[in-house]
Amino acid sequence: MLTHATVEESQKLEAVRSRLMEGQRSRGSLIPILQTIQKEMGYLPAEALDLVAGLLNISAGEVYGVASFYNQFRFNPPGKHQIKVCLGTACHVRGGDIILENFERKLDIKEGHTTEDREFSLERVACVGCCALAPVVLMNEKTHGYMSPSKVEGLFTQLEIAKKKSESNKTDGSE
Amino acid sequence: MAQNNDRINQALQALREKAAGQWREFTGSTIPRIHIGMATCGLAAGAQETRDAFEAQLKKDNIQAVIHPIGCHGHCYAEPLVIIDHPASGLPPIMYQKVNEGKAVMLVKNFLKGNDPLLEHMYGAMEESDTIPAVMLFPRFNMEKRVIMDKCGRINPADINEYLALGGYAALGAALSLAPEAIVETVTASGLRGRGGAGFPTGRKWQFAAQQNAAEKVVVCNADEGDPGAYMDRTILESNPHQVIEGMIICARAIGAGRGVMYVRAEYPLAVKLVTRALEQARELNLLGQNILGSDFSFDIEVFQGSGAFVCGEETALIRSVEGYRGMPRHRPPFPVEHGLNGRPTVINNVKTLATIAPIIENGAEWFRSIGTEKSPGTAIFSIVGHVLYPGLVEIPMGETLRSLIFDICGGIPDKREFKAVQIGGPSGGCLPASFLDTPIDFDSLTAAGAMMGSGGMVVMNDETCMVNVARYFLDFTQKESCGKCTFCRIGTRHLLEILDRITKGQGKPEDLARLEWLAAAVKQGSLCGLGKTAPNPVITSLKYFRQEYEAHINDGVCPALMCRDLIAYYIDLDKCARGCDACVGCCPTEAIFTTANRKKGIDQEKCIKCGECRHVCIPLYNAVGKASPPGTVPMIEKPKVPVKDND
Numbered sequence: 000m001l002t003h004a005t006v007e008e009s010q011k012l013e014a015v016r017s018r019l020m021e022g023q024r025s026r027g028s029l030i031p032i033l034q035t036i037q038k039e040m041g042y043l044p045a046e047a048l049d050l051v052a053g054l055l056n057i058s059a060g061e062v063y064g065v066a067s068f069y070n071q072f073r074f075n076p077p078g079k080h081q082i083k084v085c086l087g088t089a090c091h092v093r094g095g096d097i098i099l100e101n102f103e104r105k106l107d108i109k110e111g112h113t114t115e116d117r118e119f120s121l122e123r124v125a126c127v128g129c130c131a132l133a134p135v136v137l138m139n140e141k142t143h144g145y146m147s148p149s150k151v152e153g154l155f156t157q158l159e160i161a162k163k164k165s166e167s168n169k170t171d172g173s174e
Numbered sequence: 000m001a002q003n004n005d006r007i008n009q010a011l012q013a014l015r016e017k018a019a020g021q022w023r024e025f026t027g028s029t030i031p032r033i034h035i036g037m038a039t040c041g042l043a044a045g046a047q048e049t050r051d052a053f054e055a056q057l058k059k060d061n062i063q064a065v066i067h068p069i070g071c072h073g074h075c076y077a078e079p080l081v082i083i084d085h086p087a088s089g090l091p092p093i094m095y096q097k098v099n100e101g102k103a104v105m106l107v108k109n110f111l112k113g114n115d116p117l118l119e120h121m122y123g124a125m126e127e128s129d130t131i132p133a134v135m136l137f138p139r140f141n142m143e144k145r146v147i148m149d150k151c152g153r154i155n156p157a158d159i160n161e162y163l164a165l166g167g168y169a170a171l172g173a174a175l176s177l178a179p180e181a182i183v184e185t186v187t188a189s190g191l192r193g194r195g196g197a198g199f200p201t202g203r204k205w206q207f208a209a210q211q212n213a214a215e216k217v218v219v220c221n222a223d224e225g226d227p228g229a230y231m232d233r234t235i236l237e238s239n240p241h242q243v244i245e246g247m248i249i250c251a252r253a254i255g256a257g258r259g260v261m262y263v264r265a266e267y268p269l270a271v272k273l274v275t276r277a278l279e280q281a282r283e284l285n286l287l288g289q290n291i292l293g294s295d296f297s298f299d300i301e302v303f304q305g306s307g308a309f310v311c312g313e314e315t316a317l318i319r320s321v322e323g324y325r326g327m328p329r330h331r332p333p334f335p336v337e338h339g340l341n342g343r344p345t346v347i348n349n350v351k352t353l354a355t356i357a358p359i360i361e362n363g364a365e366w367f368r369s370i371g372t373e374k375s376p377g378t379a380i381f382s383i384v385g386h387v388l389y390p391g392l393v394e395i396p397m398g399e400t401l402r403s404l405i406f407d408i409c410g411g412i413p414d415k416r417e418f419k420a421v422q423i424g425g426p427s428g429g430c431l432p433a434s435f436l437d438t439p440i441d442f443d444s445l446t447a448a449g450a451m452m453g454s455g456g457m458v459v460m461n462d463e464t465c466m467v468n469v470a471r472y473f474l475d476f477t478q479k480e481s482c483g484k485c486t487f488c489r490i491g492t493r494h495l496l497e498i499l500d501r502i503t504k505g506q507g508k509p510e511d512l513a514r515l516e517w518l519a520a521a522v523k524q525g526s527l528c529g530l531g532k533t534a535p536n537p538v539i540t541s542l543k544y545f546r547q548e549y550e551a552h553i554n555d556g557v558c559p560a561l562m563c564r565d566l567i568a569y570y571i572d573l574d575k576c577a578r579g580c581d582a583c584v585g586c587c588p589t590e591a592i593f594t595t596a597n598r599k600k601g602i603d604q605e606k607c608i609k610c611g612e613c614r615h616v617c618i619p620l621y622n623a624v625g626k627a628s629p630p631g632t633v634p635m636i637e638k639p640k641v642p643v644k645d646n647d
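From first to last, the protein sequence lines are chains Y and V.
For the first sequence, position 12 (counting from the first letter as 1) is numbered 11 according to numbering that gives the first Met the number 0, and the numbering increases by one without interruption.
For the second sequence, position 478 (counting from the first letter as 1) is numbered 477 according to numbering that gives the first Met the number 0, and the numbering increases by one without interruption.
FYI, nobody ran anything at the bench for these hints, they're computed from the structure.
Hints are supplied without guarantee of correctness; some may be wrong.
[What the hints assert, rightly or not] A short, non-exhaustive set of chain Y residues, derived as facing chain V with CB atoms under 8 Å:
(1) 68
(2) 91
(3) 100
(4) 135
(5) 138
(6) 139
(7) 142
(8) 147
[Unchecked claim] Simulated coverage check for chain Y against chain V, where a stretch passes if three residues somewhere in it have a Cβ under 8 Å from a Cβ of chain V:
(9) 8-21
(10) 156-168
[Stated by the list, open to error] Cut-off 30 Å, straight-line C-alpha distance, at most; resulting in silico cross-link-like pairs (BS3-like, lysine-lysine):
(11) V:58 x Y:105
(12) V:638 x Y:141
(13) Y:150 x V:638
(14) V:58 x V:97
(15) V:609 x V:638
Quick reminder that beta carbons are idealized off the backbone N, C-alpha and C, glycines included.
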């Protein structure tokens, strides 16, 4: 699924574009360019593929063909909180799939999807290399080891508490 | 030439003296030093929080101490790992395990402020002493032999001077004064075989590349460690990136390359960050760049982030992805050493191979040959995970047996369970049963047993692991990661997966086993690259060694290991369940557990998702939650029509 960027995102893309204009523009820089855009925007909107195609003088289909080959690139916006459940071998033998299911049930989405309010997105990853702490979950780049269904609940509770805290701080500040 | 060598040596000597001076100052002072392992596994276990707690408490108590972030020792089971070196106490440096925030505060209060080293929390002393047992006396340390990981966990990976101070870049100095042919000769004589898995002689690869007549050549470090269950490359890059960089520079010098590419997975953000910094520092000291150390040799390395395609670990696929295309392997020959990146002769070596180069140049080929076996000299690093007591990274001489690695060094199987199998070499490897425990670990013995060295990932499995399920897992992985170029790999692995999937759901047919065998052989034969050629290995070995398990699934609908979720059910043993204990109720994510008329617990099989959490939390004294296969055999417990209140 290819998503079109919002107005705000289009402006961001324009900023990336002017930066990329200065850099290297050979075929070999295709993947680094896509990585830069995804780092800035969180995903590759349809416009980004056109932009890269123009920069490198290849077709947008070719760009999409390369981008879709690699697991790293995504074509829809991620959630505010990105959850990645590791399903490496060590995580598998220690019940990683059950952890993934728990997130799916809790968020009511399947892996690879984003909740409607764009708060959470859920992904599976092949291995994050923390096998000794299996099963492992990454939430916003922080690794959580020795996961269990009750720890899944715990993570959401923590987020809830953090959210409430920042909200009450906000109201304090405005007064 | 001789004058040039003098200049190189002088330049290097100056760098090393400065670094050694700093190191002497650091280690010679009486200020306490707190070394914290801050590689990814340390961080995952909470090393950042531990560091923050140390900093806060030191400030609070107004104590002067240095916090020294280090890489990984490989002792992942003990993370966060902290070593406190407190010279004024008169004690040797002491290693503490599982140092959480609370322990950090206690250590500052009791050890640094008071004089109690809290020995009840320690792992052991880092040096031999009369008062405290040293870690070197434990098998986990004693039986290891560290060549590649020697400096891992001793230095701050973000500071090039610490690597220099411990003898780093000395090999580069030596290599620069040697003729390129002499470097290749030493590597060839050492008998080093590529640590990426295939075990091709490194010296020969270098020699081929050196012989190529081309204006430009390339050295690539393959750090696209995609095997699930393996993370030694990540650990080396995060703990001691310079040893790998040094190996790359020596390789470049030997084959005459001017450009280097460090191909690191994007899933390893910390490794990418530390490698990038290490390269900058090396450039600053002219260990990289134009006319390295005043010699006539120029070489630079760029970092390229892999984007999450397992097949890119294969060298021709890796090259395609650096060139900006889909990472699909191609036919060899021509080999990359003749026709590689952008058509230039290219040497691609694994992280571990490159990290071994500096020690070989420094100590000589003879020394290297004296470690390990005749045909597989040197050491091997394994990441041992799964059902062992002390998971982590272990570096041992080649030729040790699986038994001594799994049982003596890694402590064996926890929770009083039985060893069932060890999966070696990632998705491309095989599962070996207990009868292979005395197999020596080297390239040829493992291949003969039907597994392979692979990248060095080992997953130990206890008797609660279903081999059909594990084979299904690996096929699921390779099927997803197949690049799709070869029909056998693309469609064959899919069919294998579908058959395995059916079997684990209890829908297998008797003819499935023959079909699996036929298809596995066909995929092996019909695929172009290593991914497809080895994808059926888990199926082949598990069929060979655990056939009765397949038969139980197909003929009786039973999963003997009680792992396949469609074939098992959980139940509560009313004789063991304690009245009024609610441990299982609180943890059940689907509220499947109800209270029976006599205030014991039962499981509503309709609601149960078989996550096993109730079994996990049930107090060991009761041990009341059981599993059974097939699901129909669990004792039925009547659910009361009116819910029973716990406080009745």
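Cross-check of the supplied hints:
no.: 1; hint: 68; result: 4 Å, holds
no.: 2; hint: 91; result: 5 Å, holds
no.: 3; hint: 100; result: 7 Å, holds
no.: 4; hint: 135; result: 7 Å, holds
no.: 5; hint: 138; result: 12 Å, violated
no.: 6; hint: 139; result: 12 Å, violated
no.: 7; hint: 142; result: 4 Å, holds
no.: 8; hint: 147; result: 6 Å, holds
no.: 9; hint: 8-21; result: violated (count 0)
no.: 10; hint: 156-168; result: violated (count 0)
no.: 11; hint: V:58 x Y:105; result: 42 Å, violated
no.: 12; hint: V:638 x Y:141; result: 42 Å, violated
no.: 13; hint: Y:150 x V:638; result: 28 Å, holds
no.: 14; hint: V:58 x V:97; result: 22 Å, holds
no.: 15; hint: V:609 x V:638; result: 18 Å, holds
Violated hints, in rising order: 5, 6, 9, 10, 11, 12; the structure is consistent with all others.
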